[in-house]
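There are 4 protein chains.
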Amino acid sequence: MKVIETPIQVRYQETDMMGVVYHANYLVWFELGRTAFIEGLGFKYAEIENRGVVSPVIDATISFKNPVRYGEDARVRTWVEEYDGLRVTYGYEVVHKDNEVAVSGQTKHVIVKKDNFRPVSIRRSFPEWHEAYVQAMEPQ
Amino acid sequence: MKVIETPIQVRYQETDMMGVVYHANYLVWFELGRTAFIEGLGFKYAEIENRGVVSPVIDATISFKNPVRYGEDARVRTWVEEYDGLRVTYGYEVVHKDNEVAVSGQTKHVIVKKDNFRPVSIRRSFPEWHEAYVQAMEPQ
Amino acid sequence: MKVIETPIQVRYQETDMMGVVYHANYLVWFELGRTAFIEGLGFKYAEIENRGVVSPVIDATISFKNPVRYGEDARVRTWVEEYDGLRVTYGYEVVHKDNEVAVSGQTKHVIVKKDNFRPVSIRRSFPEWHEAYVQAMEPQ
Amino acid sequence: MKVIETPIQVRYQETDMMGVVYHANYLVWFELGRTAFIEGLGFKYAEIENRGVVSPVIDATISFKNPVRYGEDARVRTWVEEYDGLRVTYGYEVVHKDNEVAVSGQTKHVIVKKDNFRPVSIRRSFPEWHEAYVQAMEPQ
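So the sequence lines, in the order shown, correspond to chains Y, W, R and B. Residues 277 to 416 (this note's numbering) make up the first sequence, in order. Residues 277 to 416 (this note's numbering) make up the second sequence, in order. Residues 277 to 416 (this note's numbering) make up the third sequence, in order. Residues 277 to 416 (this note's numbering) make up the fourth sequence, in order.
Pulled out of the complex, with its shape left as it was, chain Y reads as follows:
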């Protein structure tokens, strides 16, 4: 299984008065992991949208183990957990410098047409992405 690891620079703006990263921001870090993962497959998300489709999140789960603080070196690891030709579920782990897991989660996505949000089959409409997702789930 392909796993891509991306360094995260904690922004002061991302902290809250609890002194740690505000919980919703980990979903943004998942976005950064997903972007890096897609680039690791040889695509760019920005180009995907140029083809008239967008890829909204339809489900997300997040488990917060222990918080990341400003000044820390964090990383997000991203992989494909499930894929059925229509829906992609990414898995994520945000880890501290010592590899301890700070936050883990999943986001499930579909591809829809930009103008009417109607679902599109990845397998049929974007066979090169389909192939890349299938390969990303195989032992590397």
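If you're looking for bench data, these hints aren't it; they were derived computationally from the structure. None of these values were measured; they are calculated from a predicted model. One or more of the hints may lead you astray.
Okay, derived cross-link-like pairs now, DSS-like style, lysine-lysine, Cα gap no bigger than 30 Å in a straight line [unchecked claim]:
id : chain 1 : residue 1 : chain 2 : residue 2
1  : B       : K373      : R       : K389
2  : W       : K389      : B       : K320
3  : B       : K390      : R       : K384
4  : B       : K390      : Y       : K341
5  : W       : K390      : Y       : K373
6  : Y       : K384      : W       : K373
7  : Y       : K373      : Y       : K341
8  : Y       : K341      : W       : K373
9  : Y       : K320      : Y       : K389
10 : W       : K341      : Y       : K320
11 : B       : K320      : Y       : K341
12 : W       : K384      : Y       : K384
13 : W       : K341      : Y       : K373
14 : W       : K389      : Y       : K384
15 : Y       : K373      : W       : K373
16 : W       : K389      : B       : K390
17 : R       : K341      : W       : K390
18 : Y       : K320      : Y       : K278
19 : Y       : K390      : W       : K373
20 : B       : K341      : Y       : K390
21 : R       : K373      : R       : K341
22 : W       : K384      : W       : K373
23 : R       : K341      : B       : K341
24 : B       : K278      : B       : K390
25 : B       : K278      : B       : K341
26 : R       : K341      : W       : K373
27 : Y       : K390      : W       : K341
28 : B       : K341      : R       : K390
29 : Y       : K373      : B       : K341
30 : W       : K389      : B       : K373
We have chain Y; now place chains W, R and B onto it with these hints.
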């Protein structure tokens, strides 16, 4: 079961280039619903922190049914889904003007000491909140 | 001069580890003030965009006097400071409960076509907004 | 004069329904430039706060020339524009790939005690930072 409904004014800043509210922002709206719910119980979250504790999220799940757009009148409904004296799970529904559900989700919280993030029993340390949570789950 | 005052509910998400509202968020509050001001003129910003134009900020200045904290009742006051038929400069004051000024600032806007960002004359293309801006600057 | 240049990865979350980066986010990018600049001086902002002080913004100006879009390679250039022993004014330019200026601005900062927000003289209390700021303004 007590359910509190709060109007949400969609901010332009909350939209993304997909033309809809960026998915992580619904967690912020859940925060607004939770704040209103806690006030509905007769407390203020800001005062909770004055007592040396904070209430981080330990788990979150979100299901995105159809997006909210700028200019729309949305509302968030909040209730207590589970409570065991230590952990509170809030349930949420973001609804459109016509009551159609846009987003639903849960967040699970604990109370921890502000300085060392050690868990605190709500039942023992904050009996008035304990009582309020128990009552909020009963038929109203 | 027309001045519109809007209550602001401080979001936990808007605070940072300094324990106060993160400075960039006051620009978002200015957006809320501006939206309320435009509604006070009888328009809705969301409908402006339906006419194929958007209204980007071209200049902003912000002066931070003393910070707003979570749990406080803040308000933003908005008015039109300058208007020449092409460019609108809004003035803002974020005030504490006791009317002390927390933050003040200005944002200057133009109207441009959504698809190519070319400037549009408000006076010629949107005479009803032109009239409203001119009246908003007069003694009320 | 010392100038530090930092690459910026545009986040989808930073865009708005205008299809470009939401204006307040450039202040966050200025924060990233400032952080890199301070590291270029041999310090870390996170460690500054460990010494019981914080460095809030007291004034900001931003001029938006043309917007940055998702998928672009942007960079922020940061330097010290003014420094008098008490207040530091940073200058910034966000540039596109072809060096065209997208956004320019300044932020003025003081150092204050974390617990009471009372101002602290950089020159007297932090002579090593003072020395670094003075040198950063000299021809390199």
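Checked hints:
Between the alpha carbons of K373 (chain B) and K389 (chain R) the distance comes to roughly 24 Å, so the proposed pair stays at or under 30 Å and holds. With a CA separation close to 28 Å, the supplied pair K389 (chain W) and K320 (chain B) stays within the 30 Å bound. Annotation: proposed proximity of K390 (chain B) to K384 (chain R) is violated, straight-line Cα distance about 34 Å (limit 30 Å). For the proposed pair K390 (chain B) and K341 (chain Y), the alpha carbon gap of about 28 Å is at most 30 Å, so the pair holds.
At roughly 23 Å between alpha-carbon atoms, K390 (chain W) and K373 (chain Y) fall within 30 Å of each other, so this suggested pair holds. Pair hint K384 (chain Y) plus K373 (chain W) holds up; C-alpha atoms about 26 Å apart against a cutoff of 30 Å. A hinted pair counts as satisfied when its Cα atoms are at most 30 Å apart, and K373 (chain Y) with K341 (chain Y) qualifies at roughly 15 Å. Under the criterion of a C-alpha separation no larger than 30 Å, the hint pairing K341 (chain Y) with K373 (chain W) is inconsistent with the structure, at around 36 Å.
The hinted pair formed by K320 (chain Y) and K389 (chain Y) meets the criterion: a straight-line CA distance of about 17 Å does not exceed 30 Å. A hinted pair counts as satisfied when its Cα atoms are at most 30 Å apart, and K341 (chain W) with K320 (chain Y) qualifies at roughly 26 Å. Taking the CA atoms of K320 (chain B) and K341 (chain Y), the gap is about 26 Å. The hint holds against a cut of 30 Å. Proposed proximity of K384 (chain W) and K384 (chain Y) is supported: the alpha carbons are some 20 Å apart, at most 30 Å.
Note on K341 (chain W) and K373 (chain Y): the hinted pairing is violated, with a Cα-Cα distance of about 36 Å set against a maximum of 30 Å. The suggested pairing of K389 (chain W) with K384 (chain Y) is violated, with an alpha-carbon distance near 34 Å, which exceeds 30 Å. This hinted pair does not check out: K373 (chain Y) and K373 (chain W) have alpha carbons roughly 46 Å apart, beyond 30 Å. For the hint linking K389 (chain W) to K390 (chain B), the alpha-carbon distance of about 20 Å falls within 30 Å, and the restraint holds.
Of the supplied pair hints, the one linking K341 (chain R) and K390 (chain W) holds, its CA atoms being roughly 28 Å apart against a limit of 30 Å. For the suggested pair K320 (chain Y) and K278 (chain Y), the alpha carbons sit about 17 Å apart, so the restraint of at most 30 Å is met. Taken as a hint, the K390 (chain Y) and K373 (chain W) pair is honoured in the structure, with Cα atoms around 23 Å apart against an allowance of 30 Å. Proximity of K341 (chain B) to K390 (chain Y) is assessed by CA-CA distance (about 28 Å); at most 30 Å being required, the pair is judged to hold.
This hinted pair checks out: K373 (chain R) and K341 (chain R) have alpha carbons roughly 15 Å apart, not beyond 30 Å. With a C-alpha separation of about 27 Å, the suggested pairing of K384 (chain W) with K373 (chain W) holds against the 30 Å cut-off. For the given pair, K341 (chain R) sits about 27 Å from K341 (chain B) by alpha-carbon distance, which is consistent with the 30 Å threshold. Between K278 (chain B) and K390 (chain B), the direct Cα distance comes to roughly 29 Å. Compliance with the 30 Å bound is thereby established for this hinted pair.
A threshold of 30 Å between alpha carbons decides the hint, and for K278 (chain B) with K341 (chain B) the separation of about 24 Å falls inside it, so the pair holds. A hinted pair counts as satisfied when its Cα atoms are at most 30 Å apart, and K341 (chain R) with K373 (chain W) does not qualify at roughly 39 Å. At roughly 16 Å between alpha-carbon atoms, K390 (chain Y) and K341 (chain W) fall within 30 Å of each other, so this suggested pair holds. For the proposed pair K341 (chain B) and K390 (chain R), the alpha carbon gap of about 16 Å is at most 30 Å, so the pair holds.
Distance hint between K373 (chain Y) and K341 (chain B) is unfulfilled; the C-alpha atoms sit about 39 Å from each other, more than 30 Å. Taking the CA atoms of K389 (chain W) and K373 (chain B), the gap is near 47 Å; set against the 30 Å cutoff, the hint is violated.
Going through the hint list in order, the structure does not satisfy hints 3, 8, 13, 14, 15, 26, 29, 30.
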